[in-house]
Amino acid sequence: MITKRIIPCLDVKDGRVVKGVNFLGLADVSDPVKLADYYSRSGADELVFYDITASAENRRLFTDILCRVASTIFIPLTVGGGINGVEDFDRVLKCGADKVSVNTGAIRDPDLIRRAAIRYGSQCVVLSADIKRVDGQFRVFGRGGRDDTGIEAISWLRRGVENGAGEIVVNSIDTDGVKKGFDLELLAAVCDAVNVPVIASGGAGSKEDFIKLFQTLPGVDAGLAASVFHFGQIAIPDLKQTLWEHNINVRRTGVTV
Amino acid sequence: MIGIVDYGVGNLFSLKSSFYAIGQTALVSDDPAVLGACDRLILPGVGAFGDASEKLRASGLDRLVCRQAEQGVPLLGICLGMQMLFEESLEHGRYKGLGLLKGQVCPIVPKDPAVHKIPHIGWNGLHVTQPSLLFAEVREGDEVYFVHSYSARDCADSVIATVEYGEELTAAVAQGNVYGTQFHPEKSGPVGLSILKAFCQF
Numbered sequence: 001m002i003t004k005r006i007i008p009c010l011d012v013k014d015g016r017v018v019k020g021v022n023f024l025g026l027a028d029v030s031d032p033v034k035l036a037d038y039y040s041r042s043g044a045d046e047l048v049f050y051d052i053t054a055s056a057e058n059r060r061l062f063t064d065i066l067c068r069v070a071s072t073i074f075i076p077l078t079v080g081g082g083i084n085g086v087e088d089f090d091r092v093l094k095c096g097a098d099k100v101s102v103n104t105g106a107i108r109d110p111d112l113i114r115r116a117a118i119r120y121g122s123q124c125v126v127l128s129a130d131i132k133r134v135d136g137q138f139r140v141f142g143r144g145g146r147d148d149t150g151i152e153a154i155s156w157l158r159r160g161v162e163n164g165a166g167e168i169v170v171n172s173i174d175t176d177g178v179k180k181g182f183d184l185e186l187l188a189a190v191c192d193a194v195n196v197p198v199i200a201s202g203g204a205g206s207k208e209d210f211i212k213l214f215q216t217l218p219g220v221d222a223g224l225a226a227s228v229f230h231f232g233q234i235a236i237p238d239l240k241q242t243l244w245e246h247n248i249n250v251r252r253t254g255v256t257v
Numbered sequence: 001m002i003g004i005v006d007y008g009v010g011n012l013f014s015l016k017s018s019f020y021a022i023g024q025t026a027l028v029s030d031d032p033a034v035l036g037a038c039d040r041l042i043l044p045g046v047g048a049f050g051d052a053s054e055k056l057r058a059s060g061l062d063r064l065v066c067r068q069a070e071q072g073v074p075l076l077g078i079c080l081g082m083q084m085l086f087e088e089s090l091e092h093g094r095y096k097g098l099g100l101l102k103g104q105v106c107p108i109v110p111k112d113p114a115v116h117k118i119p120h121i122g123w124n125g126l127h128v129t130q131p132s133l134l135f136a137e138v139r140e141g142d143e144v145y146f147v148h149s150y151s152a153r154d155c156a157d158s159v160i161a162t163v164e165y166g167e168e169l170t171a172a173v174a175q176g177n178v179y180g181t182q183f184h185p186e187k188s189g190p191v192g193l194s195i196l197k198a199f200c201q202f
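Just so you know, the sequences run in chain order A and B.
If you read the first sequence in my numbering, its first letter stands for residue 1, the second for the next number, and so on.
If you read the second sequence in my numbering, its first letter stands for residue 1, the second for the next number, and so on.
Treat the hints as calculated values from the structure; they're not laboratory data.
Not one of these hints is a red herring.
Calculated cross-link-like contacts (lysine-lysine; reagent style DSS-like; alpha-carbon spacing at most 27 Å):
id, chain 1, residue 1, chain 2, residue 2
1, A, Lys34, B, Lys197
2, A, Lys13, A, Lys94
3, A, Lys34, A, Lys94
4, B, Lys102, B, Lys55
5, A, Lys94, B, Lys55
6, A, Lys179, A, Lys34
7, B, Lys197, A, Lys94
8, A, Lys207, A, Lys180
9, A, Lys34, A, Lys13
Chain A is nowhere near these chain B residues, computed Cβ spacing over 12 Å in every case:
id, residue
10, Asp30
11, Cys66
12, Gln71
13, Glu88
14, Gly93
15, Arg94
16, Gly99
17, Gln130
18, Asp157
19, Ala198
In this text, a Cβ means the ideal position worked out from N, Cα and C, and glycines have one as well.
When you get a sec, could you build the whole thing from the sequences and use the hints?
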């Protein structure tokens with residue numbers, strides 16, 4: 001039986017993980033390569049690297065880091081941030097990324113999903129969306145959640161899948177950072193609308209939030225989080241053990257920490 | 001020396017790195033002379049079958065792979081590379097494979113697409129159906145990483161492991177010196193690396 005995935009997300013700026021992390025016994029808490037290795041040995045099922053760099057020079061730094069991560073850990077890597085064209089897919093895939101996540105780039109150029117899917121296959125194209133409730137409607141926000149695009153979110157995701165997105169990341173702005181659980185209402189609507197894997201993001205504050213997510217919505221394939229992992233509030237081996245005890249199928253091999 | 005067949009499909013960086021991680025040296029090449037001198041070959045592959053098999057043929061490396069396999073050189077096909085070992089694929093048409101193994105590659109058709117979504121993406125447990133040296137360190141149910149929408153069928157002669165995804169899908173095959181994994185051992189953590197290690201010890 002396929003397992004539910006647990007995915008830590010790392011924001012990288014100027015070659016360092018933003019805000020760092022707070023692990024006991026990990027000296028350099030903002031070195032992306034060390035952190036990736038730590039998560040890999042903790043049993044993370046996949047890693048997401050998000051490039052929040054602005055300059056071209058630092059973008060090269062990011063791809064260098066990606067190459068180092070990809071030669072150190074042997075679990076799937078997804079890269080997002082600054083993906084605006086097929087050439088950006090090319091740039092990160094050559095460094096060892098397995099999947100590429102598009103967000104604002106797809107809002108600017110909706111045809112990007114189709115072109116990338118034709119060239120690299122749907123399995124490689126992840127459509128990520130920052131979604132917030134506005135006037136009783138789920139709305140897609142661009143530029144890291146800053147701009148209301150006016151686009152209705154569920155139909156946007158459905159169109160993305162029709163155009164070739166092989167996976168969806170749903171980031172709820174309403175629950176993000178609140179740490180009171182995932183946005184189950186939004187996620188249920190997305191699961192009803194698309195038949196590709198759905199990754200839930202935004203709101204994880206405790207192990208119970210993950211249990212509730214997977215028990216309430218069997219259609220959700222993975223839970224993604226950042227700070228609760230980085231700051232040690234949730235340890236991945238412990239989370240997986242707890243999920244397992246609640247009859248949620250997770251991968252328990254690969255833990256060496 | 002392990003030779004990774006480079007016919008212009010996908011990124012081979014992780015694959016090459018994974019051999020380094022288990023203390024082996026692998027080279028990536030599109031040169032038949034270089035690959036012909038390797039004592040083990042890896043046939044990788046991502047994307048669509050038709051496009052990939054056309055590129056393999058255009059590069060002339062299809063003949064090299066078949067010749068080496070027939071001469072007993074251990075060959076491991078990974079993901080689409082495994083699918084290409086078979087006679088044909090029905091992905092977006094009908095395309096000929098290398099024909100090293102008997103069988104056909106067909107779309108996965110789930111009974112309930114909301115439960116068993118396509119592509120089959122993620123970590124799923126192996127059900128070992130035939131003992132194989134490839135699985136020297138693999139335990140029943142160990143999870144490995146899959147990403148695929150098509151699956152090999154009618155290949156009872158060569159199946160050594162299956163994976164449950166609404167039905168039993170072909171997860172790994174072996175016949176003589178020809179091996180294949182539908183999953184990505186280079187993305188399957190310690191279990192995956194143990195499989196690559198086993199392949200290097202034949």
